[in-house]
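Asker: Sequence:
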Amino acid sequence: MTIDEVVQLTRARLQKDLHPVQEIILRQVWEGKTYTSIAYTSNYGEHYLRNIASGLWQSLSGIMQKPISKSNFRSTLESRSLTAEEGALIEEFTRSQCLATVLEYPGSPVPLGSPFYIHHPLIEELAYQEIGKPGSVLRIKAPRKMGKSSLLLRILDRANSLGCRTVSLDFQQAEESVVDNLDKFLRWFCANISRYLQLPPLLDDYWDEDMGSKVSCTIYLQQYVLAEINTPLVLALNEVNRIFEYPKIAREFLPLLRSWHEEAKRIKTLAKLRLVVLHSTEIYIPLKLTESPFNVGLPLELPYFTEEQILALAQRHGLDWTDRPDAERLMAMVGGHPYLVRLAFYHLCQNSLTLDQLLEEAPTIAGIYKDYLRSFWVTLQEYPELAVALKQVVKSEQGVELDPIVASKLVSMGLIYIDNNRCTLSCELYRLYFGSHNFI
1 MTIDEVVQLT
11 RARLQKDLHP
21 VQEIILRQVW
31 EGKTYTSIAY
41 TSNYGEHYLR
51 NIASGLWQSL
61 SGIMQKPISK
71 SNFRSTLESR
81 SLTAEEGALI
91 EEFTRSQCLA
101 TVLEYPGSPV
111 PLGSPFYIHH
121 PLIEELAYQE
131 IGKPGSVLRI
141 KAPRKMGKSS
151 LLLRILDRAN
161 SLGCRTVSLD
171 FQQAEESVVD
181 NLDKFLRWFC
191 ANISRYLQLP
201 PLLDDYWDED
211 MGSKVSCTIY
221 LQQYVLAEIN
231 TPLVLALNEV
241 NRIFEYPKIA
251 REFLPLLRSW
261 HEEAKRIKTL
271 AKLRLVVLHS
281 TEIYIPLKLT
291 ESPFNVGLPL
301 ELPYFTEEQI
311 LALAQRHGLD
321 WTDRPDAERL
331 MAMVGGHPYL
341 VRLAFYHLCQ
351 NSLTLDQLLE
361 EAPTIAGIYK
371 DYLRSFWVTL
381 QEYPELAVAL
391 KQVVKSEQGV
401 ELDPIVASKL
411 VSMGLIYIDN
421 NRCTLSCELY
431 RLYFGSHNFI
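Numbering (this note's numbering), first residue to last: 1 to 440.
There could be a bad hint or two in this list.
Claimed, not checked - Computed list of lysine to aspartate or glutamate pairs in EDC-like fashion (alpha-carbon distance at most 20 Å, straight line):
(1) 268 to 228
(2) 145 to 428
(3) 16 to 91
(4) 391 to 419
(5) 66 to 5
(6) 133 to 23
(7) 33 to 23
(8) 145 to 307
(9) 141 to 401
(10) 70 to 31
(11) 248 to 183
If you are wondering where the hints come from, they were derived from the structure by calculation, not from laboratory data.
Please model the complete structure; the sequences and the hints are all you need to start from.
Answerer: This is the structure in structure tokens:
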């Protein structure tokens with residue numbers, strides 16, 4: 001058996017999902033990790049992990065009807081295959097889970113505990129480890145609808161389990177009049193942190209016009225917010241790319257984030273702050289390397305789904321995709337993009353169309369991706385230089401070299417890949433759609 005099959009069989013036998021800690025133990029022990037190593041990378045206490053593992057080995061011994069321990073776990077189970085009865089049990093449990101779960105329309109963050117969330121164990125473990133470090137900065141970059149907000153939910157949930165306070169600010173919620181003025185923006189920033197932490201917004205007590213907005217903001221955060229809560233604070237900044245649209249604000253605010261990270265090394269109070277920065281685009285505001293928060297901390301990029309993950313997600317939707325050709329055909333069209341894959345499964349589960357119909361209509365204005373594709377169209381109309389560049393890529397079969405900044409913008413939109421300086425489209429959907437429309 002593979003470790004995925006072991007996890008699935010354990011769920012099916014227990015008739016419930018595993019706790020995230022249990023799954024971490026199974027997967028890490030399978031890889032030969034010690035409890036000390038697992039504790040270090042997962043930020044759980046070693047004693048706690050050992051207690052959980054003890055019950056887990058006992059449950060597995062009953063399931064497999066032979067003694068299972070940390071020392072013989074992999075050697076005992078890797079050498080055997082799933083029986084037909086076990087395979088049927090897994091399939092039935094997965095189907096019952098899907099029937100018991102309200103089918104979620106893609107587009108919003110995948111809720112905690114949802115069977116439709118695809119885990120990225122290595123990325124998640126790195127993120128959990130980083131937020132446990134004083135004064136840390138975790139940077140998550142990916143094109144829109146790749147799963148950044150879904151991952152953030154799980155990071156904040158882990159932070160809460162570690163005893164941290166958490167705040168998530170979405171910069172898209174800030175009005176234009178706010179983000180167009182540094183003083184207003186920093187007051188909005190501090191007021192919203194206070195609101196989420198249920199602290200009185202004592203801005204006027206700490207704001208000093210003579211010292212300036214950035215110093216006032218730092219003092220408010222350090223001497224009031226962090227001093228009041230008595231625990232680490234994980235502060236998530238979502239859609240930071242909104243700030244990139246306002247160069248004057250970006251040139252002041254982004255170096256401020258960098259300064260907090262650096263000051264945390266010597267100021268104990270600021271060390272309680274851990275930043276999680278999410279953005280979908282590169283920063284094009286001229287900043288010195290010593291000022292940018294985008295070259296410190298841990299950078300993470302979310303990957304596209306693999307074929308195996310698409311098959312697993314199909315199974316969780318109750319689809320009988322035992323044959324790989326179906327997954328291969330969908331992947332050939334959308335390239336494993338998480339949102340596009342999930343949207344396809346949603347419509348297939350509604351029995352509103354077949355896979356053949358879905359793929360045939362996908363690049364048209366009648367297809368399920370019409371709204372998603374139209375949003376690109378609007379952006380390309382606003383930025384003709386991107387449209388001209390994309391048209392070159394669409395027409396090229398071998399890929400083309402583009403201006404580095406323009407290419408980076410198209411990559412950040414998720415439209416192209418760059419390999420050895422040559423730009424190619426991310427998936428066939430974009431080639432068919434943009435190739436059949438005169439968008440410039």
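Asker: Hints first: check each against the structure and report whether it holds.
Answerer: Hints, verified against the model:
no.	hint	result
1	268 to 228	holds (14 Å)
2	145 to 428	holds (18 Å)
3	16 to 91	holds (14 Å)
4	391 to 419	holds (18 Å)
5	66 to 5	holds (17 Å)
6	133 to 23	violated (23 Å)
7	33 to 23	holds (13 Å)
8	145 to 307	holds (19 Å)
9	141 to 401	violated (23 Å)
10	70 to 31	holds (11 Å)
11	248 to 183	holds (12 Å)
Consistency with the previously given hints fails for numbers 6, 9, ordered from lowest to highest.
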